[in-house]
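Asker: Line by line, the protein sequences are chains H and W.
In terms of our numbering, the first sequence has 487 at position 487, counting the first letter as 1, and numbering is strictly consecutive.
In terms of our numbering, the second sequence has 40 at position 40, counting the first letter as 1, and numbering is strictly consecutive.
I should point out that these hints are in silico values taken from the structure, not numbers from a laboratory.
These numbers come from a predicted model, not from an experiment.
Heads up, a few of these hints could be off.
What the hints assert, rightly or not - Short derived list, chain W residues pointing at chain H, Cβ under 8 Å:
#1 G82
#2 T102
#3 E126
Each residue gets a CB set at the ideal place from its N, CA and C atoms; glycine is no exception.
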Amino acid sequence: MRAYGHGFGLRYDLPLPLALWIIGAACAILLSFLIVAIAVRANASVEATAQRNLRWQIDNAVTSPNIRVIAQFVAVAALILIVVAGIIGDQTPTRNLAPTAIWIAWWVGFSYLSAFVGNVWSLVNPWAAIFDWCERILPKPRAPRRATINWPKSLGVWPAIALFIVFAWLELIWEGRSIPSQLAWLVIGFSVLTWTGMFVFGHSAWLTHADPFALAFGVLSKFGPIDIRIEHGICGTCTEDKEKVKSDPGEASDRGHCYRGADSRWRWRLRPPGVGLLDTENMSQSITAFVVVMLSTVTFDGFMATPVWQRIESALYVALPMLGDSRLAIIGTLGLLVFCVTFIAVYHLVATLIAHASGNRMTSDAASRAFVLTLVPIAIAYLVAHYLSYFLIQGQLLIRLASDPFGFGWNVLGTAHFRPDIGIVGARFVWYTSLVAIVLGHVAAVSLAHVVALRRFDDPRLAIRSQIPMLVLMIAYTMMSLWIIAQPIVE
Amino acid sequence: MISPAGAFTGPGTRLKYAGRTLLIAALLAVAIATAHAEDRVFALEIHSEGPTAKPQVLAVRQNDQVVVRVSSDKPVQVHLHGYDIESNVVPNVVTSLRFTATATGRFPIEIHSKEPSKQRPLAYLEVRPR
Chain H
1 MRAYGHGFGL RYDLPLPLAL WIIGAACAIL LSFLIVAIAV RANASVEATA
51 QRNLRWQIDN AVTSPNIRVI AQFVAVAALI LIVVAGIIGD QTPTRNLAPT
101 AIWIAWWVGF SYLSAFVGNV WSLVNPWAAI FDWCERILPK PRAPRRATIN
151 WPKSLGVWPA IALFIVFAWL ELIWEGRSIP SQLAWLVIGF SVLTWTGMFV
201 FGHSAWLTHA DPFALAFGVL SKFGPIDIRI EHGICGTCTE DKEKVKSDPG
251 EASDRGHCYR GADSRWRWRL RPPGVGLLDT ENMSQSITAF VVVMLSTVTF
301 DGFMATPVWQ RIESALYVAL PMLGDSRLAI IGTLGLLVFC VTFIAVYHLV
351 ATLIAHASGN RMTSDAASRA FVLTLVPIAI AYLVAHYLSY FLIQGQLLIR
401 LASDPFGFGW NVLGTAHFRP DIGIVGARFV WYTSLVAIVL GHVAAVSLAH
451 VVALRRFDDP RLAIRSQIPM LVLMIAYTMM SLWIIAQPIV E
Chain W
1 MISPAGAFTG PGTRLKYAGR TLLIAALLAV AIATAHAEDR VFALEIHSEG
51 PTAKPQVLAV RQNDQVVVRV SSDKPVQVHL HGYDIESNVV PNVVTSLRFT
101 ATATGRFPIE IHSKEPSKQR PLAYLEVRPR
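If we strip away everything but chain W, and leave its shape as in the complex, we get:
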């Protein structure tokens, strides 16, 4: 097929255009493939009364910016293991834990309360490799 460009340019220039197009296409492909890190937002609700729910799994990819919004009906302390992020949560106020998920792994998010009973983790943060 003769392209319009080919009708007016010589073979050498055609090659140059082809080369540039290929380069741009390649760069685009790379950019799409290494999808840029996203912002991930999760909500965790803590109910002190009621059955202990199965721990949620918050799945993110490595280097995502993560925001975990925690709300509780009683004052508690929330602890994300591994990243070692701790925060006090008071009733009626949504507390946000913000961090970049640089390390891969499965990290429990636990509640520290007055009773030292066997606590299931509130949730697990799973950071998956890209």
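Bound conformation, chain H alone:
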């Protein structure tokens, strides 16, 4: 993230040294081939292990519906506090709760929470909570059932994709992204949009098709070890989506969004990390596109801080004076869009190659849907490499902001004079963590892709052959991640 809000959002990482880059790249490639070699012999046993999702149920105080209500209250209170702080508080980014809470605590925090725990966002989403409470409390209209418009099937999740690209633009390019009041109005605008959408299309339909964050955190949480969902068949109690549930029970319970009257039926299950990414029953073409777009924006975030991008930006800046004062924003926007389109094009090409390599036993469309989730571990690894020190260093601002969220000079908890320790994690720790994360993410991705291939094709050799384009893509994607963290950060 760039430093417009002077000082806010800076990353102080040292570039990964060449030696570690080489070690990381070598490990990733070697392990990839090792996995292929094992997979050739594996066949049925791999299949069986993957099927046996260790489903240990978690039934303790944390999973009780009361805790959930408390968590929702906390989330809603935080939302209100952030908006209020943004509007009435000190507009210096580092003195106001809003920028830190949104970009660090919420965006990075929930990304990590989703990837390494589970879909916690689906439980505490404050907008969904407020909407639901209002629906229960406000008097019912005369008609026995409020008519909602059915979500047009052809729309898929394209609105969510559009909104997510807008969000990425706001995060990376928008000049107001560290200005508290602008953020607050943005949140208000998003709230209005969300509640209107929920009102028109129904709570669940909106969240599963148009809410970019429910989808993004949902995708990340498929990697997580805790599977949070509503039991199949329970959704019949959900009055709102009853019709939908009858025809499409998988989708309704998978996302865990229809929960009216079903609070006691939530199930938390433990599973090996990454196994959730094998569940491709409900992948549609638009959801596939969403995943690819999400990965591309995460990568673009890192790419924007590299000297290569800076040279491109400078060259375009000089070459296009007709664009006027907002040249940089336009160049940035173009860069973001080119990245998205390029990722989609490359992935489509790889899917076509997979279909071809499988002797056309699988269409390229089916291939793209089956394998897209296996790229997620590489993105998660990159999120760790890129954001961990940022989260730990800049996140310390929250300690100070907890005592003085508005920048008025308060000291509610006594921590208002806390000075963040920039040495809390050293460069070596960050290098080694990043390297291990990236290699492990790569290994996970390659392994999962092989499991998917072995499931789809009976012949292990055919499965391996079909995987070669994917292997090349994953190695390229991992190399790109390594390259980005080996670049000196330039603003």
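Since chain H is already given, all that's left is putting chain W on it; use the hints.
Answerer: Okay, now just chain W, sitting in the frame of chain H:
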């Protein structure tokens, strides 16, 4: 080879001398290896007119004592991020930023001026781990 000491002392004493020598050698090696933190001095010149030069990289090692001498032809404010050290620089006076580089990382040194345009950092302080 028979050393002079060995000619006049018994095997037990020879061992004691060897042990002591080894200890001293070891201590010396450790001292050299963990090279003591140095004083590093850098000079930064700010020219308000003229093309924006590529940011310098000031490379130091962790725990070095760093002195950055800044000079400018116009009054500016210089800010070292991370360490959060700010200083006003006036023309014809060399201002020194002194600190111990305790934290590793790559920290931008920026100029605050009246115009809020896109400012490239003046320099980057890179503190490398030992």
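Asker: Which of the listed hints are broken here?
Answerer: none
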